[in-house]
Structures are given as C-alpha cells and as structure tokens.
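Asks: Next come the chains, spelled out residue by residue.
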Amino acid sequence: MSSEYKIEIRNLQVGFGKLMVIKNLNINIMSNCVTAVMGPSGCGKSTLIRTINRLNDLVPECHVKGQVLLDGRDIYDPSMDVVELRRRVGMVFQKPNPFPKSIYENIAFGPRIHGIAGGNSLDEIVERSLRAAALWDEVKDRLDAPALSLSGGQQQRLCIARALAVQPEVILLDEPCSALDPAATAKIESLMVSLKKDYTVIVVTHNMQQAARVSDFTAFLYLGELVEYGETRRVFENPSSKLTEDFITGRFG
Amino acid sequence: MRFRRVKSSIALVVIRLSALIMVGAGVLIFIYLTVKGSGVISWPFLTEPPRQGMTSGGIFPAIFGTLCLMLLTLTFALPVGVASAIYFAEYTGRGRSHLNILMRYATSILAGVPSIVYGLLGLSLFVLYMRFGFSLLSASLTLSILSLPVIIAASEEALRSVPDSYREAAVALGATKWQMVRYAVLPYAVPGIITSCILALSRAAGETAPILLTGAAYYHPRLPTSIFDQFMALPFHIFALATQSVDPVKTRPIQFGAVLTLIMLVLGMNMVAILIRIRQRRMAQG
Amino acid sequence: MRAIRRRPTRTVESMIEYLILGCACISIMILLLIIIFLFKEGLPAFAHIPLSEFIFGTVWQVQAVEPRYGILPLLCGSILVTGGAITVSVPLSIMCALYISEVAHPLAREVIKPLIELLAGIPSVVYGFLALTALADLTQRFTGSIHRLNALNGALILAVMIAPTVISISEDAIKSVPKEYREAAYAIGADKWETMSRVVFPAAFPGVMVAVMLGISRAIGETMAVLMATGNAPLLTFDILSSVQTMTAVIAIEMGEVTFGSVHYHALFAIGLILLGITFIINFLAEALLRRFRGVSP
Chain A
1 MSSEYKIEIR
11 NLQVGFGKLM
21 VIKNLNINIM
31 SNCVTAVMGP
41 SGCGKSTLIR
51 TINRLNDLVP
61 ECHVKGQVLL
71 DGRDIYDPSM
81 DVVELRRRVG
91 MVFQKPNPFP
101 KSIYENIAFG
111 PRIHGIAGGN
121 SLDEIVERSL
131 RAAALWDEVK
141 DRLDAPALSL
151 SGGQQQRLCI
161 ARALAVQPEV
171 ILLDEPCSAL
181 DPAATAKIES
191 LMVSLKKDYT
201 VIVVTHNMQQ
211 AARVSDFTAF
221 LYLGELVEYG
231 ETRRVFENPS
241 SKLTEDFITG
251 RFG
Chain B
1 MRFRRVKSSI
11 ALVVIRLSAL
21 IMVGAGVLIF
31 IYLTVKGSGV
41 ISWPFLTEPP
51 RQGMTSGGIF
61 PAIFGTLCLM
71 LLTLTFALPV
81 GVASAIYFAE
91 YTGRGRSHLN
101 ILMRYATSIL
111 AGVPSIVYGL
121 LGLSLFVLYM
131 RFGFSLLSAS
141 LTLSILSLPV
151 IIAASEEALR
161 SVPDSYREAA
171 VALGATKWQM
181 VRYAVLPYAV
191 PGIITSCILA
201 LSRAAGETAP
211 ILLTGAAYYH
221 PRLPTSIFDQ
231 FMALPFHIFA
241 LATQSVDPVK
251 TRPIQFGAVL
261 TLIMLVLGMN
271 MVAILIRIRQ
281 RRMAQG
Chain C
1 MRAIRRRPTR
11 TVESMIEYLI
21 LGCACISIMI
31 LLLIIIFLFK
41 EGLPAFAHIP
51 LSEFIFGTVW
61 QVQAVEPRYG
71 ILPLLCGSIL
81 VTGGAITVSV
91 PLSIMCALYI
101 SEVAHPLARE
111 VIKPLIELLA
121 GIPSVVYGFL
131 ALTALADLTQ
141 RFTGSIHRLN
151 ALNGALILAV
161 MIAPTVISIS
171 EDAIKSVPKE
181 YREAAYAIGA
191 DKWETMSRVV
201 FPAAFPGVMV
211 AVMLGISRAI
221 GETMAVLMAT
231 GNAPLLTFDI
241 LSSVQTMTAV
251 IAIEMGEVTF
261 GSVHYHALFA
271 IGLILLGITF
281 IINFLAEALL
291 RRFRGVSP
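Here the protein sequences come in this chain order: A, B and C. Per this note's numbering: the first sequence ends with 253, consecutive numbering throughout. Per this note's numbering: the second sequence ends with 286, consecutive numbering throughout. Per this note's numbering: the third sequence ends with 298, consecutive numbering throughout.
So that you can see chain A by itself, here it is in the shape it has in the complex (with noise of 0.2 Å):
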C-alpha cells in the first residue's frame, strides 16, 4: 500500500433529512496512530466517525455525499461489503454497551457471528481480546459472571476487547470516558495509546486534557466544518484559527 493514510476522506457531506450535519469535509487518518476528533457538541463528531464504519445506514434520514477510502477503497461504494467494513472497523459507544450476557459471551458475539475460527480456539481470542483490553487479570476467574455486573469502567473496557475480538484495523471511540469516573478514565486512556501499536484508533472527546494525553494528531471541528487538524501538540500550542484558540482556553464550549 503506498499511501500511509489509513483512512481518507474526501468532501464529505453528512446530513438528517433537511439538516446538514457535515459540510464538505476532508482529512486524512495516519495508520498506527490516535487521532482525537474535537468541538463543541453539535458540530458533527460523532456522526463523522458513524460515518467511518458507515453506521449511520441505520438512520433512515441519513444521506452522505463525498467519498470516505479505506485503504484507498471507497467504503460508499455500493460494491462494498457493509458486513467486513464493520468488522475492519470497530467501535466503541459513549456509554458502556455489554450485552446482559456473561463476560465470556460478550467477547465470544463477535467471532461467533462472523464464524472467526482461523486455528484459534474462541476461548484463546477471548483470552487475547481481554488481555489486549487491559481486563484479563480482573475478569479471568469470572467469565462466566453477567457482564453488567463490572464496573462502568470495567464494561468500557469489555466492549473494547468485544471490538477487538474481531481483529479490526480501525477502532472509533465516541467519547469513551464521559460516563466513567477518573480512575476508570486514566485507564481508559492508557489502553488507548497501548492500542495504537496495532490498529488505527480514532476518538472523539469534548475533554481537551484527554486529547493532549492521548492523541497523536487532533482534527478541530466546528458547526459540521474542519476548522483545525494537525500534529496534536502544534494545534493545542500554536492553533492557527482563532476559534481552536478560543475552544483551547476554554472561552467557548
């Protein structure tokens, strides 16, 4: 692959029924990195990386224009598998979302459903998703135990390693830590940046702090538009629009 941009995207406009939610955005995702996505609410974060793993077909409203590549592929175009973008592309919700089933089962969805065997046993991705999640030592003894007994940070983590049992290149995390504690979300992070040698990590965040710890490179959106986007430590000393300025300091948001 000669490009070293995992995902590109290319006039990219996303909107509900009459509403235009992104207008006319392009950026480019380096592979083996985290890339934090930023802005106030209602700028159009989430539904940019709904957009990645094309989850917004849910929506029936829902109408995309431009092109989103995926290792230069178009993930729009109709040739395109929904069902293997997915799994390539994994995601993580706001808030922790196991299924009411057993720890082990949890992990287990995913391989199930796309009949991943490839030599490895299911017990042996589950051991291996758990333990790239930072959650094997806390859990090992108790995965028959229901999944909503764990903690909120114990289940974000859970549906991490669900995500990764599919072994996907791309994992989206929309605002992963905003219904966790601290502790839950120092932990969270560290998983984050552990994650990247791996796969392709992408967050979104309202919280600056965590996307000067953990990212890589940040991309600023503002009103459904791309206002900012560069090496994180250049856009949070050295922003170029006044607007990132303002957002940094706290003056709006």
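Hints may be right or wrong, so weigh each one.
Restricting the straight-line Cα-Cα distance to at most 25 Å, the calculated cross-link-like pairs of lysine-lysine (DSS-like) are [said to hold, decoys possible]:
{"#": "1", "chain 1": "B", "residue 1": "Lys177", "chain 2": "A", "residue 2": "Lys65"}
{"#": "2", "chain 1": "C", "residue 1": "Lys192", "chain 2": "B", "residue 2": "Lys7"}
{"#": "3", "chain 1": "A", "residue 1": "Lys140", "chain 2": "A", "residue 2": "Lys187"}
{"#": "4", "chain 1": "A", "residue 1": "Lys23", "chain 2": "A", "residue 2": "Lys187"}
{"#": "5", "chain 1": "A", "residue 1": "Lys101", "chain 2": "A", "residue 2": "Lys187"}
{"#": "6", "chain 1": "C", "residue 1": "Lys40", "chain 2": "C", "residue 2": "Lys113"}
{"#": "7", "chain 1": "C", "residue 1": "Lys179", "chain 2": "C", "residue 2": "Lys113"}
{"#": "8", "chain 1": "B", "residue 1": "Lys7", "chain 2": "C", "residue 2": "Lys40"}
{"#": "9", "chain 1": "A", "residue 1": "Lys101", "chain 2": "B", "residue 2": "Lys177"}
{"#": "10", "chain 1": "B", "residue 1": "Lys177", "chain 2": "A", "residue 2": "Lys95"}
{"#": "11", "chain 1": "A", "residue 1": "Lys95", "chain 2": "A", "residue 2": "Lys187"}
So the derived label-pair ranges between C-beta atoms look like this [claimed, not checked]:
{"#": "12", "chain 1": "B", "residue 1": "Trp43", "chain 2": "C", "residue 2": "Phe260", "range": "39 to 47 Å"}
{"#": "13", "chain 1": "A", "residue 1": "Asp144", "chain 2": "B", "residue 2": "Ser161", "range": "22 to 30 Å"}
{"#": "14", "chain 1": "B", "residue 1": "Arg279", "chain 2": "C", "residue 2": "Phe56", "range": "53 to 61 Å"}
In short, the hints are calculated from the structure, not lab data. Here a beta-carbon is modelled for each residue, glycine too, at the ideal position from N, C-alpha and C.
Starting from the known structure of chain A, arrange chains B and C on it as the hints suggest.
Replies: Showing chains B and C alone in chain A's frame:
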C-alpha cells in the same frame, strides 16, 4: 363560592361511587363464581368424562379438548405472529411505506372484527373450502387467526423495548441485519413475547363463537385422536349445558364447576403472564 | 455451546428478510380472505332474497313455509342491546377512569388496575352464563318484566364486559394529558373537580372517544354473552324489557341447523358481511378521531 365547593365535592363523591360500583361488580362476580363452583370441583370432576347423558360425571374431555386447541393454536400463531412483529419492529422504514401503512391498517381492522365473523371465515375457508371438516384443525386455525393481531401487537412492543444500544453494538461488530435481530434483539424480547402469547392464548381459550362454527362438539364420547377429529371444549361445554341440554337446571352445579375451571385456567395464565412481566421489570432494573 | 456459528450468506440473509416480509403480509391476507369468503358465501343470498327485503324486512322467520329474511329485527336487537350497554357503561367507566388516574390513592390504584385486567380476561361465555343464571333473576325482580331473558339483561352484562376496555383506554388518554395543564389549572385556583372537568377531561376527550368507539365495537360484535342473555326472539321492538335477538346471536344459533349452501346459510353470511361493514366504519371513525387528535395537539 360556597356553591362551587359543594358542587365539586358532590362530583368527587359521584366519581368515587362509580369506581366503587365497578370494583364491587367485579369482586361480586369473582366471589359468586368461586362460592358456587368450588364445591363442585374435585379430582374426579376434573379427570372423569361426563356420564348419564351429561347430567353427572366430570368434564375431562372438555378440558383436554381446550388444552389441545390451545397447543395447536400456539403452534400456528406463534411463528407467524413473531415474524410479523419482527418485520414491524426491525425491518420497516425502508421505502416500503405504502405496504407498511396497509399492513398496520389491516392489523387494526382485524383486532376489531367480531369473533363470530372469524367463525364464519373458519367455517367457509377451513371446514368447507379446504375440506378440513369440523375438526380440531379447523378450530385451532380459526383461533390462531383470531389471536394473531394480539400476538403481533404485543410482540412488536416487546421487540421495541429492547434498547437500541444492543442493536448498535451488534451492527458495529459487523453483524448482518438478521444476526443482529437473532442474537442481539430477539433473546431480550423473549419474556415479553411469551407474555403476549400467554395473554393471546388465554383469550383464545375462552372463545366460544368461533369454535361453535368450526368443530366443537356437544358430546363426543372419546378424546380426539387426530387433528381431524371433533372435540369437546370447556367454553362450549358451558354454553351447551346451560342452554341446550335436556335439563339445564339439574346440571347447574356441573356448569358452575366448569365455569370456575375455565376461569382458573384463563386467569391462571393471566397471572403467569403478569408474574413474568414483573420479574422481567425487576431484572431490567438490575 | 462454545461452537463457532457460520455467517449467513447474502442469499440466506435476503431469504430470511423475504420470509419475514411474507409473514408480515399475513394480516393483509387474512383481511382479504375474510372479505373474499364473506362475499363469496354472503352474496348468493341476494339471488333469492331481494336486497330491499333483506335490509328493510321486518320479519326474520326462517322456519316458516315461506321463510322471511328481514334483518330489521336483528339490527334492532343489536342496537337496543349495544345502546343500553353504552348508556350504562360509558359514564360509569369514564368516571372510574378519572378516579383511577386523578383521585385514587396509589395503593387503591394498585388493587383496582389488576382487578380490571382480570375482568377483561373473563371469557364471554362466562359473562353469558352469569347473565343467564344470576343477573336475569335480578333484572326480572327489579323491573317486573314478562320475559326473564330480555334486552336489558343483555345490555347490563355487556356493560360490565366492555367496561374494562373503556376504562383502560380512557385512563391512558387521561394519564397522557401533560402535567403542566393540571398545574396551570391549580395555579389559577381551580379545585380538583374543576381541573378534571374543565382542563383534563377536555384534553383527553378524543382519546376517551376512541375508547368509547372500541367499546361500541366490542359490544356490537359480542356473541355468546348476548346470545345467552337476551332470550333469542327476533322481535322488532324498542322495548328494552322484551326478548330480542342480535345479528351475532342469530349466526351462532342458526348456523348449527342450516344446510350448507342453502338460502338460509347464505343469508347468515350476509349478516356477517354487515357486521364486517360495521367494523370497518367504527375503525374508520376511530382513526379519523385519532388523526384529528394528533393534528390538534402539538
């Protein structure tokens, strides 16, 4: 000012009084039927066939017939009803809107069609046109058609009450539409679906008019051995004994016993449904 | 348990979708079947009975040498019994709904609501049996009527039967009136009854009307209870103390005695057609009401 106060308190008294009348009537009905019927119900009454031209003996064949009827009705109505509900809850809203409106309209009409009209359909379609004759099969098909609107509406509600986050989680993991429904939605709607089916079945169990036209027998000496047999059924047994037997007054005790049995069967099913609902609600709360 | 499942192919996936769609179409199919078969079996009646005689004929007498198929007495019976039931049941039920949602102590509510649900679950044959054995004596004693089984008896038992429907749907409508309306009324010094009668009830009125419609629909369609309660004499009368026969009852009773394919058989299906027509009309009215309701409220 004074008049206003008096008027309001009179109105409140009237409201309380009407509620009391309603509740009183309900309680009275249950007490009356329990008192009159409980002396009759005994193990032999429930397990023995009628004797001496139905003037003595038990009501076992009628109970058995009603149970068979319910089992068959469930077999026919459950898969179709749940599949319909899945369509309404999970697959609508993608362009087929005219069809959807038509379907909803049909379902709401069907819910209001009198049961005797279902009986007419059963008679003309199953008994005569399809030549199933007066049989368990015709009657249970008729009852399943009658139960479908109830099952569909309640199952759809059960499916819709499954949180969207399960759907999103499954889809984000790459589940296909059907996999999402099958593994991330349906399992969590099962208690609600069971409740709806029990309620629909309890309604079907008490129906008399449809089976009157499609195969219930006044007196059938042996238990049905195939789905093409005629059968006795509890509600029809009550009706027949009370209005068409040789001596309705002499068999009154049997009638009261049969009524109480039917009520216990139907309300017992209702209770089970309510219990499942309560348990489900508790589990959902954590 | 811990086996790997196969992923369904696209073909399987779309097959499942069509299967489900097919099942969902079943309600349309059933409705069509009802219409088709009622017309198929009902229309031949008019080859022998002039339509005008069927609709305006004042005598229903099928056993006579020259049988008469006039449904006016039956229609009259249905209207008398339904009308009576509505008159008794609707005011009581609406008051009861107001009580449950506005007046009752939460504990009382917890007792009454399940009781009403249980009443709704009692089969109609049981209500019929009650009317035949117990209620008939009571009505006769109080009114001194000649006929032990009469329209009033049927109306009263129907009133009890439709009450749970009317109560629970009205209660839903009353409950869904926004709390702010009540608060606004209390804030300008209205008392409980004034708030209920001037603010809550008018706001809930369309929903309550729908409840009444459904009650009417249930009353007209009810078969077994009226059959056992009203004495089954097809008399053209508006005397509520007279025996009557309803359209539903005549089908249930006489279908057992007819020769299939006879004029009588077809005439009974023609009555079924009329019942179906009434169902459509009531459903249409209820939908129209609901639509107006939604159109008015924000």
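Asks: Would you mind confirming whether the straight-line C-alpha gap from A/Lys95 to A/Lys187 stays at or under 25 Å?
Replies: holds (16 Å)
Asks: Taking 25 Å as the top limit, are the C-alpha atoms of B/Lys177 and A/Lys95 close enough?
Replies: holds (22 Å)
Asks: Against the 25 Å threshold, does the CA-CA distance of B/Lys7 and C/Lys40 hold or violate the hint?
Replies: The given pair, whose Cα atoms are some 58 Å apart, is violated under the 25 Å limit.
Asks: For C/Lys192 and B/Lys7, compute the direct alpha-carbon distance and say whether it is at most 25 Å.
Replies: holds (11 Å)
Asks: Would you check the hint for A/Lys140 and A/Lys187, treating anything up to 25 Å between C-alpha atoms as holding?
Replies: holds (18 Å)
Asks: Assess, step by step, whether the Cα of A/Lys101 is no farther than 25 Å from the Cα of A/Lys187, and give holds or violated.
Replies: The given pair, whose Cα atoms are some 24 Å apart, holds under the 25 Å limit.
Asks: For the pair supplied as a hint, C/Lys40 and C/Lys113, is the alpha-carbon distance within the 25 Å limit?
Replies: violated (44 Å)
Asks: Given a hint of 53 to 61 Å, does the C-beta separation of B/Arg279 and C/Phe56 actually sit inside it?
Replies: At 58 Å between Cβs, range holds.
Asks: Under the criterion that the straight-line Cα-Cα distance not exceed 25 Å, is the pair B/Lys177, A/Lys65 satisfied?
Replies: Holds, at about 23 Å.
Asks: Does the structure keep A/Lys101 and B/Lys177 at a Cα separation of 25 Å or less?
Replies: holds (20 Å)
Asks: Would the pair A/Lys23 and A/Lys187 pass a check requiring their Cα atoms to be no farther apart than 25 Å?
Replies: violated (35 Å)
Asks: For the pair B/Trp43 and C/Phe260, does the Cβ-Cβ distance stay inside 39 to 47 Å?
Replies: holds (42 Å)
This entry does not satisfy hints 4, 6 and 8, going by the numbered hints stated previously.
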